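Start from the sequences, fold in the hints, and give me the full structure.
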Amino acid sequence: MQTITAVRAGPAEPAPRRSLGTPLPNIPDHVRAEFERVRPILERALSYGPRTHDADDVLAGIEAGAMQLWTAPASVCITEIVEFPRLRAVRALWAAGDLRELTETILPAVERFGRDHDCRAALLGGRFGWRRAMTRHGFRDYAVIMNKEI
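For the sequence shown, this note's numbering gives the first residue as 1, with consecutive numbering after it.
Honestly, the hints are just simulated from the structure, not real lab data.
Note that the structure is a prediction, hence the values are computed from the model and not measured.
Here a beta-carbon is modelled for each residue, glycine too, at the ideal position from N, C-alpha and C.
Each hint should be verified, as a subset may be incorrect.
Computed spacing ranges between beta-carbons, pair by pair [claimed, not checked]:
hint: 1; residue 1: Lys148; residue 2: Arg112; range: 28 to 38 angstroms
hint: 2; residue 1: Asp98; residue 2: Asp54; range: 32 to 42 angstroms
hint: 3; residue 1: Arg86; residue 2: Ala33; range: 16 to 26 angstroms
hint: 4; residue 1: Thr103; residue 2: Glu80; range: 16 to 26 angstroms
hint: 5; residue 1: Glu149; residue 2: Pro28; range: 17 to 27 angstroms
hint: 6; residue 1: Ala74; residue 2: Ile150; range: 35 to 45 angstroms
hint: 7; residue 1: Glu43; residue 2: Ala64; range: 11 to 21 angstroms
hint: 8; residue 1: His117; residue 2: Asp29; range: 38 to 48 angstroms
Okay, here's the thing in structure tokens:
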């Protein structure tokens, strides 16, 4: 009989939350202002799925350099670069707003950013409605992501 052991990396408790009044020194004021402008749009995207992050968590990720903020007048996308053993990819974590802005303005910029950072793939997950929109832009299904609260 084989035994499988789960090992949790990192702290046992979540990191303390930052208050919005706490300055994040690595974000220029204009980036912070742009984040606050699109915060309500981002919060809509964050409301789907297992609620892994809130807007303050995303802001902290941007401040730490782990996430990137992409905006258009009525849209927002948050990305990260992920390192796999055989592939580096840019992954869209959340996107919300105007579909045309997302696909015609933000997506090409994210793809250029990925290529400039030696990424060989762009990854995204989303609600089922994204499938039709994104297959027109070269994305294909390769998995199903599911969630269950435990």
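Status of each hint after checking the structure:
no.: 1; hint: Lys148 <-> Arg112: 28 to 38 angstroms; in the structure: holds (37 angstroms)
no.: 2; hint: Asp98 <-> Asp54: 32 to 42 angstroms; in the structure: violated (23 angstroms)
no.: 3; hint: Arg86 <-> Ala33: 16 to 26 angstroms; in the structure: violated (39 angstroms)
no.: 4; hint: Thr103 <-> Glu80: 16 to 26 angstroms; in the structure: holds (20 angstroms)
no.: 5; hint: Glu149 <-> Pro28: 17 to 27 angstroms; in the structure: violated (38 angstroms)
no.: 6; hint: Ala74 <-> Ile150: 35 to 45 angstroms; in the structure: holds (36 angstroms)
no.: 7; hint: Glu43 <-> Ala64: 11 to 21 angstroms; in the structure: holds (20 angstroms)
no.: 8; hint: His117 <-> Asp29: 38 to 48 angstroms; in the structure: violated (25 angstroms)
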